[in-house]
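Chemist: Chain residues, written in single-letter form:
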Amino acid sequence: MSTIALPTRTAAPAGRAVSGWRQLIADWSSDRQAFHVAWGKAMMWFFLLSDTFIFGCFLTGYMTVRASTTAAWPNTSQVFALHIGGADVPLILIAIMTFVLITSSGTMAMAVNCAYRRDRVNAAALMFVTAGFGEMFVGMQAFEWSKLIMEGVRPWGNPMGAPQFGSTFFMITGFHGLHVTCGVIYLAVVATRLLRGKYERAGSYQIVEIVGLYWHFVDLVWVFIFAFFYLW
Amino acid sequence: MAATNLTQAAPGRPSPAQASQPAQEQAHQEHPIGLYLKVWGLLFLLSAMSYAVDYFHVQGLLRWGLIVTLMLAKAGLIVAVFMHMAWERLALVCAILLPPLALLVLVGLMASEAGHTFLARLVMFP
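In the order they appear, the protein sequences are chains A and B. Per my numbering, the first sequence starts with residue 1, numbered consecutively. Per my numbering, the second sequence starts with residue 233, numbered consecutively.
Quick caveat, the hints were computed from the structure, so don't treat them as lab data. Glycine included, each C-beta is placed from N, C-alpha and C at the ideal position. Where hints are given, some of them may not hold.
Unchecked claim - Have a look at the derived ranges for each label pair, beta carbon to beta carbon:
(1) B:Trp-296 x A:Ile-185: 30 to 38 Å
(2) B:Gly-266 x A:Met-150: 43 to 51 Å
(3) A:Met-171 x B:Leu-333: 36 to 44 Å
(4) A:Val-189 x B:Phe-357: 47 to 55 Å
(5) B:Gly-266 x A:Trp-156: 24 to 32 Å
(6) B:Gly-297 x A:Met-43: 33 to 41 Å
(7) A:Ile-185 x B:Gly-297: 36 to 44 Å
Claimed, not checked - Negatives, chain B to chain A, calculated, CB over 10 Å:
(8) Gly-292
(9) Leu-294
(10) Ile-310
(11) Ala-343
Turn these sequences into a full structure, and let the hints guide you.
Modeler: As structure tokens, this is what we get:
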């Protein structure tokens with residue numbers, strides 16, 4: 001690779017002395033790279049990998065307390081039922097939340113597709129739509145939390161059964177909701193910058209794909225939470 | 233190898249020469265909208281099926297089997313198509329998809345730990 005004369009930020013031009021962090025980065029990277037993708041994309045993937053372990057540990061912890069408790073686990077199908085039209089529809093709120101999140105994932109994929117074609121107005125519009133669905137999801141989650149808190153569910157106990165239900169519920173859905181909230185802010189910031197032409201000037205729309213990775217990951221985590229926490 | 237990879241290596245560099253990047257990435261990652269729409273529809277269908285498992289009170293082994301199968305199908309579609317993993321280079325795919333398998337070891341350890349705790353609770357606090 002040393003014969004390739006590409007101007008890089010890290011590799012110092014010959015003859016000019018570099019020091020400090022730039023020198024450290026230049027020495028350690030040594031003009032090599034393992035992953036031939038934009039560095040921002042690689043970094044987002046590594047962040048998502050670390051996040052996978054966080055959620056993986058949460059769900060494993062949930063499995064452990066649920067399998068080790070002698071008290072009956074609350075029936076999630078009934079706990080999350082809504083009273084609609086004179087009948088209790090089981091788990092309906094969670095089903096709607098799932099569909100909202102999948103819809104947002106679809107609009108995000110469309111936004112990324114538009115960004116590849118450098119169609120910045122449609123890409124930004126679709127990102128705002130995605131953020132809107134995300135906000136809707138967080139709103140429904142707030143409703144769900146309020147409902148459960150009013151029914152007496154606390155992190156240390158609840159009237160329906162095993163006390164571990166409350167702690168795992170608030171921990172797992174709360175952490176996921178935090179991710180959705182951060183994603184909404186991230187989307188809004190990037191979409192606004194996209195509209196203003198910041199990435200046009202920088203010459204790359206790569207950031208849209210990176211935001212997309214984050215958003216799809218949030219949806220991915222929900223797939224596992226939905227299966228293990230709500231359906232199991 | 234270095235010479236042939238030059239064009240592909242260029243987009244990844246944190247270089248000021250990013251003007252060459254969009255064209256490269258476009259060639260690499262642009263897929264027909266129809267594909268996204270199909271996957272989107274499939275995700276809806278799979279989610280509806282997971283919900284149906286609960287709604288129709290499917291029980292026992294069939295329930296766990298369906299939940300896990302539908303979950304893995306959805307996760308696979310999201311990662312492969314929406315997150316473009318199906319078109320990434322193998323080096324990145326391995327770096328991202330293999331490490332989470334370590335979680336299976338944790339799950340195995342904690343499952344046996346949970347079983348032990350459960351039995352101990354039955355014996356000590358009957």
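Chemist: Does each hint fit the structure? Answer for all of them.
Modeler: Do the hints match the structure? See the list:
1. B:Trp-296 x A:Ile-185: 30 to 38 Å: Given about 37 Å between the Cβ atoms, the range holds.
2. B:Gly-266 x A:Met-150: 43 to 51 Å: At 46 Å between Cβs, range holds.
3. A:Met-171 x B:Leu-333: 36 to 44 Å: 24 Å, violated
4. A:Val-189 x B:Phe-357: 47 to 55 Å: 52 Å, holds
5. B:Gly-266 x A:Trp-156: 24 to 32 Å: 51 Å, violated
6. B:Gly-297 x A:Met-43: 33 to 41 Å: Since the Cβ atoms of Gly-297 of chain B and Met-43 of chain A sit about 37 Å apart, the hinted range of 33 to 41 Å holds.
7. A:Ile-185 x B:Gly-297: 36 to 44 Å: 39 Å, holds
8. Gly-292: 13 Å, holds
9. Leu-294: 13 Å, holds
10. Ile-310: Violated: least Cβ distance 5 Å, not greater than 10 Å.
11. Ala-343: Violated, because the least Cβ-Cβ distance between Ala-343 of chain B and chain A comes to about 7 Å, which does not exceed 10 Å.
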